[in-house]
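Bring the two chains, given one by one in their own frames, into a single complex with the hints.
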Amino acid sequence: MADIQYSWPDRDSSKVIGGRQIRLDGMAKSTGAAKYAYDINLKNMLVARALGSPHAHCTIKSIDSAQAEKVPGVVHVHVLDHAKPGREIRWQGELLVIVAAETEAAAMEGVSKLRVEYEPLEVFVDEFNLEAAKKAGRTSKDGGKVQLEKEPGDDEDEATFADKELERLFKQSAHVVEGFYGIDAITHCCLEPHGATVYWDNDQLIAYLSTQNVSGTDEGFANDLKIPADKIEVRCQYVGGGFGSKFAPDYWGTAAARIAKATGRPVKLMLSRDQEFKLGGNRPSAYLKVRLGADKDGVVTVWDSDHWSSPGADGPGVPQGVIPYVFAPKNYRRAVTKVTTNNGPARAWRAPNHPQGCAITQTAYDDMAARMGISSYDLFLKNLGTDDSPGVAGAKPSVYAAEMEIAARLIDWKAKWHPHGKGARRGDIVDGLGMSLHTWGGGGHESTCTVKIHPDGGVESFCGTQDIGSGTRTVCAMVLAETFGLGVDAIRINYGSSRFPVSGPSGGSTTVGGVSESHRRAGQEALAKICEMVAEKLGVPAAELIADDGRIKARGDAKKSVAWKEACAMLGMKPLEVTATFRPSRNKSPLSDTKVGGVQMAHVEVDTRTGLIRMRKFVAVQDMGLIINRRLAESQIYGAVIMGIAYSLFEQRISDPASGAFLNADMSKYNLCRLGDIGEIVVEMYEPESERSRGVIGLGEPPVIGPGAAISNAVCNALGFRVPVLPLTPQRVLEAIKNNAGRA
Amino acid sequence: MHAFDYQAPTTLREALELLSKPQQSARPLAGGTDLIDQMRVGRLTPEVVIDIKKIAELNALRVDSGGLHLGAAVPCYRICSERAIIDDYSALVDSCRIIGGVQIQSRASLGGNLCNSGPAGDSIPSLIALQATCLIAGPQGTREVPVESFCTGPGKNVLRTGELLIELRMPRRAPHSGSHYRRMIPRNEMDIAVVGVGASVQLDATGKTIVAARLALGAVAPTPLYAESASQLLAGQPVSDALIAKAAQAAREIVKPISDMRGTAEYRVHVTGVLVQRALQAAIVRARGEACDYRPGH
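Chains as they are written, first to last, in my numbering: chain A, 1 to 744; chain B, 745 to 1042.
Please note that a few of the clues may not be correct.
Coverage of chain A stretches by chain B, computed from C-beta distances (three or more under 8 Å per stretch; other residues unrestricted) [what the hints assert, rightly or not]:
(1) 303 to 314
(2) 674 to 682
(3) 724 to 733
Derived DSSO-like pairs: lysine-lysine, alpha-carbon spacing no greater than 27 Å straight-line [claimed, not checked]:
(4) B:Lys990 with A:Lys738
(5) A:Lys396 with A:Lys15
(6) A:Lys289 with A:Lys738
(7) A:Lys150 with A:Lys134
(8) B:Lys900 with A:Lys669
(9) A:Lys560 with A:Lys414
(10) A:Lys529 with A:Lys452
(11) A:Lys382 with A:Lys416
(12) A:Lys669 with B:Lys990
(13) A:Lys396 with A:Lys145
(14) B:Lys1000 with A:Lys738
(15) A:Lys231 with A:Lys261
Keep in mind the hints are simulated off the structure, nothing from the lab.
The model shown is predicted, which means the values in this text are computed figures rather than measured ones.
Idealized CB from N, CA, C, for every residue including glycine.
So that you can see chain B by itself, here it is in the shape it has in the complex (with noise of 0.2 Å):
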């Protein structure tokens, strides 16, 4: 690995000073995991690191009437413990608990894995499904950014030279809603997605009928997608199989995915259909207030 300067800032405006630097090239720090990998490959080269875990901001998490607040460098392991997300934030919770081993979780930060763009991150379908926004602070003050807009290529991302991603913001959920992630790698655990499935359903109070949905697709595209087309067609609509059918059809209309060794474009389509079935699914049990038997893997 190359030899860089290490920085660990203790406030945010310290923090922002030093990614405007001029004339040096700065990656923020969270746990490192996808940072220090690419460093020690030699595809990123920083002169300068700078850890973001001792800003207060970054490591804020709290539920309150406006909904979830989710501090940029909060680790995995802490989501997974925090009650409120488990019950109102399902697909959080699911994304977090197979994004590496128990000591990836202890050090990962889902600020990092939406930073790190990869197509396939395993918290942005989640992430989207549960419509949430991007708090960016850079020079010119701070911004809002939709996830779903947040990537634009593998590995890259609407962040402006010298700008940070403070916060995730996702709204307060509404009764009766349920959400889910799910994905396919060819192992059981611990492996990049083949296809990811984030979905958040909210049903009326009889259970029976899907008053909003949103759904989100990972490694089928450059981008994590937002199945818009495949959520709006389940909204008013009563519950059933052929439904979730039509949702998933909806969803491989759209993915775009490549071949590659972890499987082709036409493996990927077909998934795509067989996830978004079963990540409903999941969902509206939850929703319904249900225990969703659901093994960690496929």
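Chain A with its partners taken away, still in its complex shape (with noise of 0.2 Å):
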């Protein structure tokens, strides 16, 4: 068999590529009938329920369970190591005894009888103070890069050089701007929190794990609990929200792993509403002070930067690689401080680090417009550079200019754009436009599939990968339904277990690159097995043949063909299986690629009395080489761009600075979008050939990156002065109309 040549239909013969197939699975997660590992309800399964600190810090002195053991329907009280006495512990909420009973209500009891003393210790949460910070010890210097055009002389100094070289470079630009930007703490928010439900098979575990990692974290349940990974089996068909949370079993997964053990029964552990947002992942906050200079044509040449960062009491902050965004002036110096508090630690957060180091930098590129009296479109387009001279990262310049001229014919940015500060009011209301760039990777991760051909035309595919919003399962099946010429509903996808496959874990937006190139080289080569059987029977060259319409056929010689069916019998008794693997490489691969780009536009009302801002509108541009599937790549986004309108306005972790305790862990406190706080949301994606035909690159985090900068800027386009930090609360709003007094 000739070696198989991977690509992708192009865009005229695609039949099922690029449609706008709904989700596969779209009715059994509407009606319920989809099952999440909260769902899962075992015979004689226990329930399992956490104490968790109240104390942000405290150490623990002594626990006595004798109480909660003695509720009636408690079958099994679980310490967990970390809460042995005399150990400390830094945020509210972690768990630190499990109680396993009958019931739920039995389990809630039986913890609320549990008996704890602490020792408090001294708190600090105050991460928007950075004075506060580094008189309570919780700073470290985390990073930080020098980049100038000029080299310091032999005999100099660099830091000094660097000192003497920013302010020539300052003395020597046009238009310099200093300003202070920031970006508070949010929590990921999961539907469904994290948890497991969980049993032993003999030796073999079997978790129910609400994950984003299936086919890895056997690995770690293997490793906590010191048993082979070959004796765990993790599934998971549906995860109710990950956000780059779940990508391990945490210490409760393993904990439900040993109390199942040790009672011989199923666990059911999930977090509660409460433990999930204190527990369940944070993205760290950002705080940045900087000043920049431009030249006369507001190309910015200089960027002088400090920024601090927290992510709380463990990982690691906001790195000085994201500052500025996209643009990469010249010469620029940026420091990072962490600062580390008694919160929750962070975890990944949908495009890590890329919407906060957009919401500090593109706003203050925003005010360099603002103070050029110029359009932030403009500014941006000069700052763009040229594709042999570019003076942004990630996407090429020509596709951002391109995608930026689509963005403002959909929100009409000529006509609807005044200079800040400048626009008609409408009684208490001001509009203003705003916008931002991003960047991605985007490239699949690596990903194993076998599909299988059954005599009788049946045709499935077995990966361990996952669904965590990406619509994997039909992207799949659209993949090896183009593939082999036949409806999706003809195919059967099988995944969400780790006994599938390999296939990685769904984050850094590499999921559909991924399962899209493990599939579709499964599938061609299966494809050319059943090519070369039935070659002899048409008497055409196997090379000749294409899959289409449900038949195998001649190309260009409709007469000679065979149904599928009928090729698949010729398999005989045995099905056809053929695996294949994608492992990404720095070689190209001919059908994913990596690096998107993306433009964001928001036009915002501002009611100047209240300080509440109104989206009118809000227009992604997405560039992200070749669609699977139109319906879902645009539900991402919409997704996505929900969620920013969320971080942008309402989103907040609430500390009390006195106690360290998170004062809205709940939903009702936790403010997120209601249907009424969207508007609209005008999508477009960007696929002129030459993005195409680079193959497919993942989209679930660019479109989340810029909506902070677009509506930051949009409202300061509104006002005329900038509401510095997000979210911008109507209270926040109102301080800033109060501080620019007669401004606005």
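In structure tokens, the structure reads:
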């Protein structure tokens, strides 16, 4: 058999790829037939609930579970290792003791009877206040970078040279802006909390885990439980949100396995809503002070910033690499300080660090436009550079420029934009437009897929992947349907088990790229084998056969064909099984690529007397290479934009400075978007042949990056001054109005 | 949630007997949109829940020469779809249309909203502005209490053990009257009010002078407030921006808001003034029979 040339059909001959197939499991999800980890109920199962630390910082003095054990229905009490007397607890909600019982009510009552003695310790949660953090000894240098076109002389000290050179560059600049910008910490807020339902089948552990990493979490269980990984099966058909926070079994997952082992019964342990907020992950805050200088045309030539960021008690903060975001001035100095607090540790959040980088730096670029009295559009355009001499990172300047033109048309920028603060008022209401640019990798992850073709024509695939909202099942089915010339309903997709061939975790927008690679490769290889059998029967070279419309046909001679089922019957008694693997490498794959760019624009109105912002329109133009499913791709962007509007206007983790308590750790107080908060969202895919021919690129993350800057810039355009820190709550807007009295 | 008994009496007498049973804690259930949530989080743990929706008197809704009679269990959606209420008691409809979403409005009642006695209850300022009184039945018979005197603190009210709110009564509306409720929430819908304002005005036949007015404020004190002096200074005065600003200032002076994560006291005082002005302007527009340009939310 000749080497397979992996490829996608061109736009005109695609029958399925690029279409608007609805999610194959949409009905199951909307009717409740789809079973999430939280929905798994097993015979004789115990329900577990956990006691979390009420203190944000303390040591455990003693734990008394005697009364809890006496509660009717309580079967097992498990004290976690990190909660043993003498241990330090560093954030509120950290689980201490787990109670497993016959019913959830009994487990909760058991938890209420636990008696724990704490020694409270000094708390620090005021991450916004850098001086207070320094005073409390909670700061540390967290990297930084200086890049200058001019190099120091041999006898010059680098730091002193940088000081002098930056000053010289600022003096040379035609325009200089100094500003402060920030974005508060938010949580992942997964609708399905973290957790698992587990049971032991003799020495085999079966874990129904809410995870975005089916193939990778068995190792996590194995390491913690000290058992071979081949004794573990992780199952997850559906995930109720992960956003980067569900890559591991977590200590509560392995605790559930321990309790199941100790009791000999299945155990369900899902975090409570309050615990989900406190432990399930959060996105680091970031606050930045900057001075930037531009030439007479508005091209930023020098950038000098100092920012601080808090990942809570553990984890990395926002790094210098996203400062400034997308734009790459030729001269810069960027310093970073990490602030450690008594909040739960950060976890990767959809496009880690990019939303913060974008929000705290493209606002500064917009302020430069305001200073110069020119349109943000013009300033952003001038700073793109050219494809030969780019002024931006990520996508090519020509891609951004083309997307800007589309976005401007869709939001009617020319007609609606006005100089900052100079728009017409309608009573107390002022309107504004703002924009932002973003970029992301999105290259497919490693993925292995086995395609099985049965002699009766049935087609199924096996892949240890998951659907974190990407529509994985539908994408895989569409790829195989296109490959075999069949309808998507003829394809059975099996995923969601660590027993299936290994596929990467759903992080970094890598899933659709990865699984479409492995499925297309396995599909093309299987088809080649089927064609070899058919070739003899039709008297046509296998290379001249194509799969189309339920048949294997000779290219250009429709009379020479056999039905798909007839072709498969030639397999005899045994099904055909083909396994293919995609491994990302430096060599460009013909099926997928990396690096996308996007442009977003926001139109807002601001009530200058109440401070309330209302979204009027949001335009998202996005490049993602070849689109497998247009509906799902759009759906990803709608979801990302809504998530972006939430963190721009409403979402924030609010901590009590005295106790460190997470004050709004429930859905009624932690403000996500309501439908009425969203306004009109317009999504436009940028898919010219130059981009489509690059192959598949993931887009789960990129569109969530830009809303913060676009919306903040729109509010600034409306008011004529900056509301410096996101979310732009009514109170913050009014404070800014007060601080800029007479300008609104 | 804890285990509890459920009773669904069909007569008022039966309900009152159940409520008066000694040695058991009982809670009436209308829509349950507050009660069930509070039971779920363990804030309330009644031994028996008494469903009052099957009692005819509590589901009555009629407008007659005496005014509006609203059974305590009447759900919001019925209020929103009643022509006479839309025309004459508009503030009530404004309230009912923003309490939760469609599902909540299909279940939640104004009686329940009042008995929950939250300072931010969205129907209460409207009821006060419309001069509503509560008809309460209990072991000792019935009594009437003005709505502005009903709530005594957050989650507390004048109901004694064994008593049940049966009906809310609002007097007949005078000609050239209009009313309005609006609130400030950080989002655009389905949120707890940071400030809520109910306003009712009666104009003279020319539409230029205020004959009488009632203003009420929510979420700015431990209980919803009747803004008496602000209301009185409007009476007999020609409508003007200056007069409305004066009423707003008077309203600001009586509020005692707390600072919490939804807004500082200073912010709430400021917004009280803004909303009083906007609520009054809308009520005046309605009293003149003109269309009110109002988008729920702020």
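Going down the list of hints, with the structure as the test:
With 0 residues carrying a beta carbon less than 8 Å from a beta carbon of chain B, the stretch 303 to 314 of chain A misses the three-residue requirement, and the given coverage is violated. Judged by the Cβ-Cβ criterion of 8 Å, the stretch 674 to 682 of chain A is covered by chain B as claimed, because 4 of its residues qualify and three suffice. Given a C-beta distance limit of less than 8 Å, the hint that chain B covers the stretch 724 to 733 of chain A holds, as 3 residues qualify and 3 suffice. Restraint check for lysine 990 of chain B and lysine 738 of chain A: the C-alpha separation of about 22 Å stays at or below 27 Å, so the hint holds.
At most 27 Å may separate the alpha-carbon atoms for a hinted pair to count; lysine 396 of chain A and lysine 15 of chain A exceed this at roughly 30 Å. With a C-alpha separation of about 21 Å, the suggested pairing of lysine 289 of chain A with lysine 738 of chain A holds against the 27 Å cut-off. For the hint pairing lysine 150 of chain A with lysine 134 of chain A, the CA-to-CA distance comes to about 34 Å; that exceeds 27 Å, so the pair is violated. For a cut-off of 27 Å, the pair hint linking lysine 900 of chain B to lysine 669 of chain A stands: about 22 Å separates their Cα positions.
Proximity of lysine 560 of chain A to lysine 414 of chain A is assessed by CA-CA distance (about 57 Å); at most 27 Å being required, the pair is judged violated. Between lysine 529 of chain A and lysine 452 of chain A, the direct Cα distance comes to roughly 12 Å. Compliance with the 27 Å bound is thereby established for this hinted pair. With a C-alpha separation of about 20 Å, the suggested pair lysine 382 of chain A and lysine 416 of chain A falls inside the 27 Å cut-off, and the hint holds. Between the alpha carbons of lysine 669 of chain A and lysine 990 of chain B the distance comes to roughly 34 Å, so the proposed pair goes past 27 Å and is violated.
Taking the CA atoms of lysine 396 of chain A and lysine 145 of chain A, the gap is about 24 Å. The hint holds against a cut of 27 Å. Distance hint between lysine 1000 of chain B and lysine 738 of chain A is fulfilled; the C-alpha atoms sit about 22 Å from each other, no more than 27 Å. Taken as a hint, the lysine 231 of chain A and lysine 261 of chain A pair is honoured in the structure, with Cα atoms around 13 Å apart against an allowance of 27 Å.
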